[in-house]
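Visitor: Got chain D sorted already, so can you dock chain W onto it with the hints?
Protein chains: 2
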Amino acid sequence: MLSYPIHIGADAREKLGSFLRNSDYSQILVLADNHTYDLCYPKLRDYLPVHEAIHIPAGEKFKTLETCVGVWSKMTDMAMDRKAIVVNLGGGVIGDMGGMIASLYKRGIDFVQVPTTLLSQVDASVGSKLGVDFMQYKNHIGLFNDPQGVYIWPGFLNTLSDRELASGFAEVIKHHLIADQAGWEGLKEIRDLRKLDYTQIIEHSVAIKQRIVEEDPFEKGARKSLNFGHTIGHAIESMRLETEAPLLHGEAISIGMICEAFLSREAGLLDTKALVSIIELISHHYPSTNFSAGEFDDIIARALNDKKNEGKKIMCTFIDGIGQFKVNQEISDGDIEESLEFYNDMAKGY
Amino acid sequence: MLSYPIHIGADAREKLGSFLRNSDYSQILVLADNHTYDLCYPKLRDYLPVHEAIHIPAGEKFKTLETCVGVWSKMTDMAMDRKAIVVNLGGGVIGDMGGMIASLYKRGIDFVQVPTTLLSQVDASVGSKLGVDFMQYKNHIGLFNDPQGVYIWPGFLNTLSDRELASGFAEVIKHHLIADQAGWEGLKEIRDLRKLDYTQIIEHSVAIKQRIVEEDPFEKGARKSLNFGHTIGHAIESMRLETEAPLLHGEAISIGMICEAFLSREAGLLDTKALVSIIELISHHYPSTNFSAGEFDDIIARALNDKKNEGKKIMCTFIDGIGQFKVNQEISDGDIEESLEFYNDMAKGY
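From first to last, the protein sequence lines are chains D and W.
For reference, each letter of the first sequence is one residue, going 659 to 1008 in our numbering.
For reference, each letter of the second sequence is one residue, going 659 to 1008 in our numbering.
Read the hints as simulated data drawn from the structure, not as lab findings.
Be aware that one or more of the hints could be misleading.
A pair counts as met if it fits within one copy or between any two copies, since identical chains are not told apart.
Derived pair list, reagent style DSS-like, types lysine-lysine, alpha-carbon separation capped at 27 Å [what the hints assert, rightly or not]: (1) Lys732 to Lys796; (2) Lys719 to Lys732; (3) Lys732 to Lys971; (4) Lys787 to Lys732; (5) Lys796 to Lys719; (6) Lys971 to Lys984; (7) Lys846 to Lys984; (8) Lys787 to Lys741; (9) Lys984 to Lys741; (10) Lys971 to Lys701; (11) Lys971 to Lys741; (12) Lys741 to Lys796; (13) Lys741 to Lys878; (14) Lys853 to Lys787; (15) Lys878 to Lys787; (16) Lys984 to Lys878.
For reference, chain D alone in the conformation it holds in the complex (with noise of 0.2 Å):
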């Protein structure tokens, strides 16, 4: 069970004013990046008692231990003190970082989070994994800690791009791969991302996730589901993050997830129809892409670098048929070229 409360709705807002209001903290910091700062906290501040906002600048780049001692170095200027608390304002660097930052600072302060990204909204607010990238590896240097509820208003998602937008429905797209075949025939029908009950989408998505967080905390097994799209798709990430042309996470996921529905089909799991009617949901909301083979080699290398595998196998979550899955399946260098060879033909016909 999870041990803290996650408030999704418009009146999300409200509850965290209460929710303030109601508590005897001695200081309130809101903790947001540059966007988040002008795009999210004007319509956060009036719902808010007394409380002091301070922004670092956006990006993951700035997911790092010098940003926390900055953040440190204010909140001691600052005099906040044991019974203070910090509002993490922002997406999953803002809520990550800024729990870590909490969960330290005089040995460990209340915090709540505010995700304002669909991906955050959906994804990043439950599991309580905190903390910053350190040298080239992500979320090197952390630590498990619960905030004292999360509040998650769907109307921030109104200041994404359609990009970021999108990027945040590709997990919710997964979480209905792995968990909810009923589920997926409606979602196959969605059109336009700006005309979404956001309030039931996330709603939705939070009680797989949690379902599966609860059921496996420590990801020996059920939790690795969460993982499906992602053995690929993090390297396809990964390769592009060094280019002039970035893919956003959920970007790469999406062709990661066409990539490993297609190895559930080669391995068995999925039939052609169920495989085809995944592609034509993501081509409809994702630009295709093309790999060239220079890229397939590095994407195969990075996949073989992945912290998830054992040893020197490579371990992917299939999908076995839609709303179901199968963990640790060991997957070759070979077919992960197999896949996006496939991946290739399918994006020339969109």
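Guide: Frame of chain D, contents of chain W only:
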């Protein structure tokens, strides 16, 4: 109940060796400082299975995030994974900082504490407070987390100077003053700190601290008894740290205990005979000092800024006869001045 074992005695090294051999750790890293690497590590290494050892500069001024970053880089270069363990070999600085380093590496790997000073053997190993100093504040960034075990080999005490040994003994004196009237009678007779059965002394002190910490894990009441001698003692330590003649922690606390025992008598809680017995024991083991009027003011100013205060009040723990205590006793700047004058007068006689 403590959730981890504390092994004290001549066979502590063997016990650590078998714990490590019987566990399934992928790598073992011994973290020492340059002193304990030279003096203690050679006495430990043959008891351990295959491992690596690294050392950092000794001293409180290296208890920083920068030092953590250096160790994390080495751990990363060594490709330590989530199944590795850190063995912290040293005094309070290594225990607090090494525990934090392990607790944050890849969101937390196991660690054990192998304290090598009397102070850390009787004091720092119970309570699971981890952290580093930040700006001018001690332990400002840190967390609570339990080790897998604490292994206390009294043989390491032979590596200490007489001053360091006596410094740790101040906490032993404190534990008797707040919690063991019967034991006090024996303690008073001790003349030579080199000729003691430290296994028994450490067991006794650890048991007292453990009982108090379990009774009051969040420092609301009984745990404040451990602050006896520390309100004035910490202020003296911090003042002298900025001079050419710093005092060791226990040396400063021994003066603080005389001052606060004096104030306990002023409050009618302690009789003169008991106060004299405290003065006699402390004067036997610690050199006396003499404070100037300017130093009085400095000590009072620092006591006013103590993080244990509530608002503007200076809070202190008194002893209520030997072996009992009263927490949350408010004292004035005049009280501190009077106690320092008493100390100065008393010190002249020894």
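Visitor: Return the numbers of the hints above that this structure violates; sort them in rising order.
Guide: Numbers 10 and 14, in rising order.
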